[in-house]
Amino acid sequence: MSRRGLIRLVGVELRRHFGRLIVGGVGVVLGIAALVFFLGLMLGIRQVVLGDVFPLDRFEVEPRVRNLDVLILRFALGSDTIDQEKLDRLADLPEVAAVYPKMKVTVPAVASGGGSLLGTGLQTEVVADGIDPALVIDDAGDAFFWSEIGPAVPCSSSRQCPQNAYCGNGIYGRVGECRRYLPVLLSPHLLEIYNGSLRRAYDLPRLNPEVAIGFEFEMAFGVSTLQRSGPGRAVRERARIVGFSDRAIALGVTLPLEFVRDLNVEFSSSKAAGVYHSAIVEVADRAALPAVVEKVQGMDLVVKDRGAQRAAAMVAVSIVLIAIMGGTMVAIAALSVAHVFLVIVLHRKREIGVLRAVGASKADIGTAILAQAAIVGCAAGALGIAAAAAAGRFVDSLAAARIPDFPYKPDTFFLFPWWLLIGALAVAVLACVVGAAVPAAHAVRRDPAEVLAMP
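The sequence shown runs 5 to 459 under my numbering.
No wet-lab data here; the hints were simulated from the structure. You can take every hint at face value.
Cross-link-like lysine to aspartate or glutamate pairs, in silico, DMTMM-like; alpha carbons within 20 Å at most:
| id | residue 1 | residue 2 |
| --- | --- | --- |
| 1 | Lys308 | Glu298 |
| 2 | Lys275 | Asp136 |
| 3 | Lys299 | Glu99 |
| 4 | Lys90 | Asp136 |
| 5 | Lys308 | Glu66 |
| 6 | Lys108 | Glu262 |
| 7 | Lys108 | Asp133 |
| 8 | Lys299 | Glu64 |
| 9 | Lys308 | Asp133 |
| 10 | Lys275 | Asp87 |
| 11 | Lys308 | Asp87 |
| 12 | Lys308 | Glu99 |
| 13 | Lys108 | Glu89 |
| 14 | Lys299 | Glu89 |
| 15 | Lys299 | Asp96 |
| 16 | Lys108 | Glu222 |
| 17 | Lys108 | Glu64 |
| 18 | Lys275 | Asp92 |
| 19 | Lys299 | Asp87 |
| 20 | Lys308 | Asp61 |
| 21 | Lys299 | Glu66 |
| 22 | Lys275 | Glu262 |
| 23 | Lys299 | Asp92 |
| 24 | Lys90 | Glu64 |
| 25 | Lys299 | Asp61 |
| 26 | Lys108 | Glu270 |
| 27 | Lys108 | Asp266 |
| 28 | Lys299 | Asp289 |
Take these sequences, add in the hints, and give me the full structure.
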């Protein structure tokens, strides 16, 4: 049989048995829709959890501290800091791409301001730490780098100062000199908590992160609403938000490492310049994360948060279970397709005998049946994918309207990458072809003379 004749035969058979084929394809549509919908949901959740909440390419380490508990009090036995030598050992690990030390602000701090942005002035205790600006170059660019203005520029007003500077006292108590704004990074987690919960409790407006960048406020170090340091020890700076980064401290403000180092030395001693409290380790390959964690633990360090590994394992198990359930549904649908094609073959047995008698080969008959199944599978797969995408869009719109804001609430809960859509389409076609394989084998196995002799 010629190729044109084979195509014409497939088209005729599709039109003749359109109703039966729809019945057989409904199960495939539902199975593919469920598979794509739930896999898209898990991939979307995975992107948020492992991309924003628990990044897998980096983790934070801190010293292993042994504690002595006395009633409600807990006393640390040994040092709770990391020295430069241990940081160098971390950086020398072959799987490690970079190590960025972090230093906590070891004096109390208070932030005040917000009248122009929130409509009312606020004052609050602040937890702060310092990180290397190179760690957040992708988030804040050069704006997070901080340095003194030199030589000193006397001033009586900020209008007399260069760009990105103000007139005021600085870390060394100099009054009437231009100072650079202290760059501040905030965590998106902090913004999400504010927009989701805090603003409701205090009846404050929501914050737009793009507008918040550039917002200025006062920071006073050595000052607390609980207690005050000795006279003359307070250091006041004018701070400016320069960006948001998931590398910033979750509940507090993050400052340039150099500034924090100078601040701690000012309030303590020169030894504070080389004392770090934790470090962020970036791995070159996510697959190497378990090996690096094991080596880190051998250095008497601990991973501060193992949530990334637990979350990755849970998401991976969920994806596998969903794939198994979806595959089972598609397999059951394939049995329905097999039944439909078996009915068609039995209904057309005399026609198949006539085709064989006039020269159609076994391969022609089998190919025609499998081609019909492939077309049904392609159409059912496309409909299932479209149904899953429409359901996902409906769920997103419903979530946007009905679910209150919460930390890291995504714009969409679904992710439909191209490989998922192509894979789902291939699974639908394969299920229908496999389902029609047995009826096709049955059709070509019968002898034409025997079929034509039957009443």
